[in-house]
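K.L.:
Listed below are the residues making up each chain.
Protein chains: 2
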Amino acid sequence: MKACLDCFPCFLRQTLHLARLSNLEEQTQKKIVDFTGSLFTKIDMNSTSPEIAHFIHSNLKDYLKNDDPYAEIKATNVAKAQTLLPKISKILTDSSDKLLTAARLAIAGNVIDLGACLEYDMEKEIKSVVSAKFAIDDFELFRQDIQKAKSIIYLGDNTAEGVFDKIFIEQINKPVTYATREIPVINDITVDWAKKIGIDEVATVVSSGAKIPGTVPKFCSPEFRKKLENADLIISKGQGNYEALSDTDLPIYFFLKAKCQVIADHIGLKIGSYILMKNNKDNA
Amino acid sequence: MKACLDCFPCFLRQTLHLARLSNLEEQTQKKIVDFTGSLFTKIDMNSTSPEIAHFIHSNLKDYLKNDDPYAEIKATNVAKAQTLLPKISKILTDSSDKLLTAARLAIAGNVIDLGACLEYDMEKEIKSVVSAKFAIDDFELFRQDIQKAKSIIYLGDNTAEGVFDKIFIEQINKPVTYATREIPVINDITVDWAKKIGIDEVATVVSSGAKIPGTVPKFCSPEFRKKLENADLIISKGQGNYEALSDTDLPIYFFLKAKCQVIADHIGLKIGSYILMKNNKDNA
Chain A
49 MKACLDCFPC
59 FLRQTLHLAR
69 LSNLEEQTQK
79 KIVDFTGSLF
89 TKIDMNSTSP
99 EIAHFIHSNL
109 KDYLKNDDPY
119 AEIKATNVAK
129 AQTLLPKISK
139 ILTDSSDKLL
149 TAARLAIAGN
159 VIDLGACLEY
169 DMEKEIKSVV
179 SAKFAIDDFE
189 LFRQDIQKAK
199 SIIYLGDNTA
209 EGVFDKIFIE
219 QINKPVTYAT
229 REIPVINDIT
239 VDWAKKIGID
249 EVATVVSSGA
259 KIPGTVPKFC
269 SPEFRKKLEN
279 ADLIISKGQG
289 NYEALSDTDL
299 PIYFFLKAKC
309 QVIADHIGLK
319 IGSYILMKNN
329 KDNA
Chain B
49 MKACLDCFPC
59 FLRQTLHLAR
69 LSNLEEQTQK
79 KIVDFTGSLF
89 TKIDMNSTSP
99 EIAHFIHSNL
109 KDYLKNDDPY
119 AEIKATNVAK
129 AQTLLPKISK
139 ILTDSSDKLL
149 TAARLAIAGN
159 VIDLGACLEY
169 DMEKEIKSVV
179 SAKFAIDDFE
189 LFRQDIQKAK
199 SIIYLGDNTA
209 EGVFDKIFIE
219 QINKPVTYAT
229 REIPVINDIT
239 VDWAKKIGID
249 EVATVVSSGA
259 KIPGTVPKFC
269 SPEFRKKLEN
279 ADLIISKGQG
289 NYEALSDTDL
299 PIYFFLKAKC
309 QVIADHIGLK
319 IGSYILMKNN
329 KDNA
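Protein sequences, first through last, are from chains A and B. Per our numbering, the very first residue in the first sequence carries number 49; after that it's consecutive. Per our numbering, the very first residue in the second sequence carries number 49; after that it's consecutive.
If you're looking for bench data, these hints aren't it; they were derived computationally from the structure. Just so it is clear, CB atoms sit at the ideal spot from N, CA and C, and this is done for glycine as well. Treat the hints with caution; some may be incorrect.
Just the calculated beta-carbon pair ranges, DEER-fashion [to be verified]:
1) A:135 / B:320: 44 to 50 Å
2) A:86 / B:110: 18 to 24 Å
3) B:110 / A:93: 23 to 29 Å
4) B:144 / A:79: 54 to 60 Å
5) A:120 / B:169: 39 to 45 Å
6) B:313 / A:124: 50 to 56 Å
7) B:134 / A:79: 51 to 57 Å
So that you can see chain A by itself, here it is in the shape it has in the complex (with noise of 0.2 Å):
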């Protein structure tokens, strides 16, 4: 999916955040943001938005000197799910079924986007999503498929999101290979973090090599290339990886919540719509 100017008000929207994140003064944000202002004219639109997203957020990371400006906050979202935790288990011994209540969950998880949403609400986002009529639904598709699947590749997207993936992985109860950033991008999920959240106890965690917030195949490292084409399932999570991955014809079911105007329109569904949809099921 191609890179759209609409973009360009959030990458703005993005660096604020960022700036009032790292605790500057409002002289420093202003500089910051006339720093972002001043990037637009290197931009090529030939790209994705997710290669947009690293070239600005790898521009204030060196302005800032700060390998991982998000550090501090990826920790507490961590925590912040982490307490939902009995909630949730309580939400899954009481469903009748809980694959579907998981992937649910896992799609709850991704609202945790800093790149897209900056407040969020997680418990309202439970008990929504839980019982939420899906604007794309192929859960049942899904179901099917995971069943058939040898080799299961699922795309992480924000770190505390991670907290979800994993309750979601134990149910589908199958060897998964679970694929992280290769750096700490935005508020994005790492190996380390993906460990410290002990999705290695439920799925083989890897790095897909990626710098970028989305998993765009060429920036990916050749051997993780090499699994997604191999691969009989893929679940990627998220916007960025939507936005990375909806051009190609690889065996995706992507969950997501349409957090965005611009992915919104791009699907063809109102902001705020859960996805649980099959890339190119038209065409299978």
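Since the structure of chain A is already known, use the hints to place chain B on it.
P.N.:
Relative to the frame of chain A, chain B by itself:
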């Protein structure tokens, strides 16, 4: 009210909207977005948001070589608002408190703001505003004050909003001076548009002298500034005029819908709130 960095993503959104209104190709749209990004560094944060909006939009006018790039959409929006006149008349005829209903309708008109909102549903807005609970509602104070007032100034905001202003002024039924911007700025009302709408049939239409999208006193003409200082009561429409005048001690009633987070936060309300608020009420 001092400008805020949160306005910057919005300036970029306005730029993109303007580029699309001007039917520019995507490559040229990108150039104009880059151009606005490059202006940020020249912006002084010790100014009000209307001053910064003026700086950006006057640069955009030069860039586009177009003194009034919103001309067409202003005409479209006025025509659209005028098709609602029979419905509005019926609402007023059926109302037992015509001044109150007309005041609320004037606030409904405030959604036609291409600075803050790119889309609106006027019919829905009218239905909502007539019976809505206002977040701040100083209407009864306003009713008392307007009865006593001898010199009333009405500060217009968006062009098509003037259709609703005219109806309200008819109900005020007193001599009113209706002030517009000096030149076209975003979709704000000017003297010639006020006359096209027929506001000159119910009020004395004047230019405030302000070439920016808000009646910041120091940017008004000396004559108009004197009028403001001598007014018994000022009706100020919209966010731009609120940003321009909220720090003054003038006898103002602010009529607006809080359409963006910055304004909502400044007043201490939720976004989307309707406001009919006396200035400096607590100091009166």
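K.L.:
Are there hints from earlier that the structure breaks, and if so, what are their numbers?
P.N.:
1 and 6
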